[in-house]
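Here is what each chain is made of, one letter per residue.
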Amino acid sequence: MTATAGSASLWRKAGRRFARNRAAMASVVVLALITLASIIVPITWHFGIEDASWESILTPPSLADGHWFGTDANGRDLFVRTLYGGRISLAIGVLTTIVALAIGVTWGAVAGFTGGRVDGLMMRFVDVLYSLPLIFFIIILVTVFGRNIFLVFVGIGAVEWLTMSRIVRGQTLSVKTREFVDAAVAIGVSRGAILARHVVPNVLGPVIVYVTLLIPTNIIVESYLSFLGLGVQEPLTSWGLLISQGAGQLEQAPWLLAFPAAFLAVTMFCFNFIGDGLRDALDPRDR
Amino acid sequence: MNAPLLRVEELCVRYPVREPGLFSRDRLLHAVDKVSFDLAAGETLGIVGETGCGKSSLGKAVLQLVKPAAGRVLWQGRDLAGLSAAELKASRRDLQIVFQDPLSSLDPRQTIGEIVGEPLRVHEPLLTALERARRVDAMLERVGLRSEMARRYPHEFSGGQCQRISIARAMIAGPKLIVCDEPVSSLDVSIQAQICNLLRDLQRETGIALLFISHDLSIVRYMSHRVMVLYLGRVMEAGPRGSLFSAPRHPYTRALISAVPEPDPDAASLSHTASLDGELPSPLDPPGGCVFRTRCPLAVPVCITRSPPAEVDADGHSVGCHRWRDAVTS
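Protein sequence lines correspond, in order, to chains A and B. Here the first sequence is numbered in this note's numbering, starting from 1 and rising by one per residue. Here the second sequence is numbered in this note's numbering, starting from 288 and rising by one per residue.
Keep in mind that the hints were calculated from the coordinates and are not lab data. We put the beta carbon where it would ideally sit given N, CA and C, even for glycine. Incorrect hints may have been included.
[Claimed, not checked] Taking lysine-lysine and the BS3-like style, the derived pairs with C-alpha atoms no more than 25 Å apart in a straight line are: (1) Lys463(B) to Lys376(B); (2) Lys463(B) to Lys354(B); (3) Lys354(B) to Lys321(B); (4) Lys354(B) to Lys376(B); (5) Lys376(B) to Lys176(A); (6) Lys354(B) to Lys176(A).
[Stated by the list, open to error] Chain B is faced by these chain A residues, among others (derived, beta-carbon under 10 Å): (7) Ala73; (8) Asp182; (9) Gly192; (10) Ala193; (11) Arg197.
[As the list claims (entries may be wrong)] Here are the in silico distance ranges between beta carbons for each label pair: (12) Asp127(A) to Glu337(B): 55 to 61 Å; (13) Arg359(B) to Leu134(A): 50 to 56 Å; (14) Ser434(B) to Ile40(A): 35 to 41 Å; (15) Asp313(B) to Thr114(A): 44 to 50 Å; (16) Asp313(B) to Ile39(A): 57 to 63 Å; (17) Gln481(B) to Gly170(A): 35 to 41 Å; (18) Leu134(A) to Glu337(B): 51 to 57 Å; (19) Asp313(B) to Val128(A): 56 to 62 Å; (20) Pro206(A) to Val615(B): 57 to 63 Å.
For reference, chain B alone in the conformation it holds in the complex (with noise of 0.2 Å):
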């Protein structure tokens, strides 16, 4: 494998959220707790895990539109957070993003050929406006729009144009990186595999890395070549997609492999043991030692007081869980 064009280490994310009353302090929030990971070019990592556990505040994290608390963010070696405000912005040229809500991530006071030129405005500035209207154009056919839609506005697209629009913009300043923050959640099924399809395309064609971020297991299993588990801000399992997928170690990945639902009834799911319980605890106020053991069908004392460390195999599958032995076997 090459050296990492992005490295994350241990990078943490908090918010602070007031409390209700006139004297208290605020607490803070974990969204993202001590997350490490590597990203070679070409790749595409999945992150996936439930509504509220930080993906998306990782993904943010990562092109500093939140501010990291803790960690680093090593962009081709270099600490995004150490660069000077010059530096930073040349470097936003290769760092891309694509957003859930198709149509809250346009402009809807632009039209289409201004939106996706925007990215060619800042960082190529001596673009006549006519080599610049070209390029748009190229890049609108690329993504499967007609370069006459550049004069019409945001609202005029459905949500898959509109989502292919915001892959046009990011994609037109030749980005080495794209954060797809949910980019199919909101579209239709039949809509999400073009996206999906489109995506891997332009990776094949131009060697992007995708940071490819979902809810939906069967889209990241997809899209991904390594795919890492989150729960409540922390990395439960992190491993190659074919090893995750086939052999799951955590449990939690367990539950959610099992939770999703099988098209052939013949076909054998994983054991039922695995089912989760309850509801996801609070993450103002996470659980001690290890956050997912509420949950856990298979948590022991230890569970309570330690918090278990990362065991990577040679494969690179790494699991934190006491017991995923017993998991694996149960």
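Here chain A stands alone, though its shape is the one from the complex (with noise of 0.2 Å):
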């Protein structure tokens, strides 16, 4: 068996135990629908997202007239809208949890397993982005840059992969001391290899669940970002913005409301189901 056949065989396995969650998979079957919807829906519903009209200003939600989730207060549809700001929502979500992903677990990862020094100096810098507030990191970058939703993602993805950092780094520290890493330095195998065969595999059940955990933290921090005119700007949208607007209305409208957050709250879920199955799954010794 050679390296990549034998994590495949692991990944099969988890697979195997993925696939016998029903929470996890009814989760899975929900999120891919709320993504294929809200890419395909904006491209081929009957109205766009722009498109205004004085003849419907906050209609009610109806099935008759087409507006299935009603219209703003500038005649525009819901429906396309919500699915709109959800390929916005999804998108920021998933793509700044990925770049934190990426550096928060090769940066704890490095620092925990090699320690010492390295470590100190590594931690001592997250230390110093953590005490500088996403808030203000974001106004420097959109007054330094102007307002760019490519911005969010870069402010987002810079200050979320921190905490992943933090988590890596202790779960590394744990497993380096275990038996297994000292017998693998008495084979041979080099510290790279160690790091990635040993090390890496067995932190990685804390690290999805946080996966899980980050997603949604990322679409809320998105949306209260949009919220400030930082981030997503109109004609653009996304579930944080429309529900920020919605709550504005809630009383002559409570549709613009329920519908915004009622897809942000079943993806919320759904993450997190699919974040334990994925724990579970991954982690051979729980059943």
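Combine both chains into one complex, guided by the hints.
What follows is the structure, encoded as structure tokens:
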């Protein structure tokens, strides 16, 4: 067995265990439907996201006139806007988390495994960045580079990896004292290979769980940035932006809050169920 | 006797210990202090001592898993500390270790096949996957496991089976020395015997040398050709198994041996003068002179002022005690 074949067998088994978890599988299906819908619907729907209409301002949801989720104060169709917002929210959630995952796992694993002065330096650097509030960071980025959705990705990704690196470092510190690491050194396995083959697979469990918490967190962070006018700009939209706009018109038009909030909540649930399922599947010890 | 496979000269291992407080300096814990021994091919050296006497540190320092603070480890005449990274990696093929905790020494994320095959992947990278799997299967069967177990994970096995897996991993690349760091201490007595016999069979077949670390005198007596007794990181007594167990010289060895439960109530045990009182002193602050004096029934003023030199006889039986002659006759 080679390295890849060996790890593939682990993943295959994990996949089989995951498939037996009903809540997780249902969540995957729901999440896939939401994702697909938010990709396809804005392209094919008979209203565009910017199609305003004087005739239908703040109409309640109705199947008859084609505005399934109703319309907003500008007469724009909420259904298409909700799904378009899902596109942006999901993209931001997933991409920023991938950025955080890549930087955080590498940084934390190297710091924890190397130890000593290198570890101290690397983690003090993390502390310094921690002390810098996210909002300042984004404001600085926006002032320097102007408003751009790309900055939201960079800003969130650059800050959210800090917690990830701390989690991974802590796990690495505990894994590296386990005797199988000593055994690998005694065999003559190189340090990089020990890190990749023995340490990182053993810290993945908590990382996966944190990832499933991080995606919804980043979606929320994006929404408050948008609310402050630093994130997504009209006429583009996201769930967070739709929710904050809907909350302002709760009394006249409750559907403006209800539908985006429901989509956001269902998405959060799905990520959490998938996270639980992945954690159970990846850890061969607990069933 | 052949030229020694392994020669350890005045080996010292020290760990920095951080004192509580803001401005305190690190102190050094002397885990192993000037330990020397030789080990020949096919020979087993047993290392006994209480918990915390530096047995495991000694084993790890021999393999360079902890860096010795002083002294030399000569493997086939070459100092391991002076080797380049590539040379050290190559010699790791000859030097293997079996740990005490059966489960912790196996990576829970890898299958048994991957675990046992890892030394081959490192040292024989040209081997095809199929050949490697065949070698793993043969090795598993050699240590008393079934080859289809290669696809399973460590948590599915009992402690004794995990220890067999560790032994298979240590043996597969054809080592010349295995450090056995309390390999049977966490196992049931019946399983202990199986594992001990497996190690002895493997030694007889392949001529490997064993450094057998244990706190259990009966097992060390069963396994070893020679025995070394450690106390607070120092060698108290060392010698051939026969004379060390039948005629122990150091008061500490005598106390250890008299503490072994004797299953036969009629059998004569050693004199009871040798029982041990008190606690093991802190290795951070070992007693001056002879380290054993605080618990020694025979201690006299000279033991406080002067550390006893090792006295070696013609059989290679050495003892580090000012009063061992009195201990033997008392």
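Here is what the structure says about each hint:
1. Lys463(B) to Lys376(B): Judged against 25 Å, a Cα distance of about 14 Å means the pair holds.
2. Lys463(B) to Lys354(B): The hint holds at about 21 Å.
3. Lys354(B) to Lys321(B): holds (14 Å)
4. Lys354(B) to Lys376(B): Distance ~15 Å between Lys354(B) and Lys376(B) Cα, so the pair holds.
5. Lys376(B) to Lys176(A): Roughly 19 Å between the alpha carbons, so the hint for Lys376(B) and Lys176(A) holds.
6. Lys354(B) to Lys176(A): Measuring from Cα to Cα gives roughly 17 Å; hence the hint holds.
7. Ala73: Violated, about 54 Å.
8. Asp182: holds (5 Å)
9. Gly192: At 13 Å from the nearest chain B Cβ, Gly192(A) fails the 10 Å test, so the hint is violated.
10. Ala193: Since the shortest Cβ distance to chain B is 8 Å, the answer is holds.
11. Arg197: With a closest approach of 8 Å, the Arg197(A) hint holds.
12. Asp127(A) to Glu337(B): 55 to 61 Å: violated (42 Å)
13. Arg359(B) to Leu134(A): 50 to 56 Å: holds (55 Å)
14. Ser434(B) to Ile40(A): 35 to 41 Å: Cβ of Ser434(B) to Cβ of Ile40(A): about 51 Å, so the range 35 to 41 Å is violated.
15. Asp313(B) to Thr114(A): 44 to 50 Å: Taking Cβ atoms as reference, Asp313(B) and Thr114(A) lie about 20 Å apart, which means the hint is violated.
16. Asp313(B) to Ile39(A): 57 to 63 Å: Since the Cβ atoms of Asp313(B) and Ile39(A) sit about 59 Å apart, the hinted range of 57 to 63 Å holds.
17. Gln481(B) to Gly170(A): 35 to 41 Å: holds (39 Å)
18. Leu134(A) to Glu337(B): 51 to 57 Å: Cβ of Leu134(A) to Cβ of Glu337(B): about 54 Å, so the range 51 to 57 Å holds.
19. Asp313(B) to Val128(A): 56 to 62 Å: At roughly 26 Å between Cβ atoms, Val128(A) and Asp313(B) fall outside 56 to 62 Å, so the hint is violated.
20. Pro206(A) to Val615(B): 57 to 63 Å: Hint holds: Cβ distance 59 Å, inside 57 to 63 Å.
Going down the numbered hints, you'll see the structure goes against 7, 9, 12, 14, 15 and 19, while the others check out.
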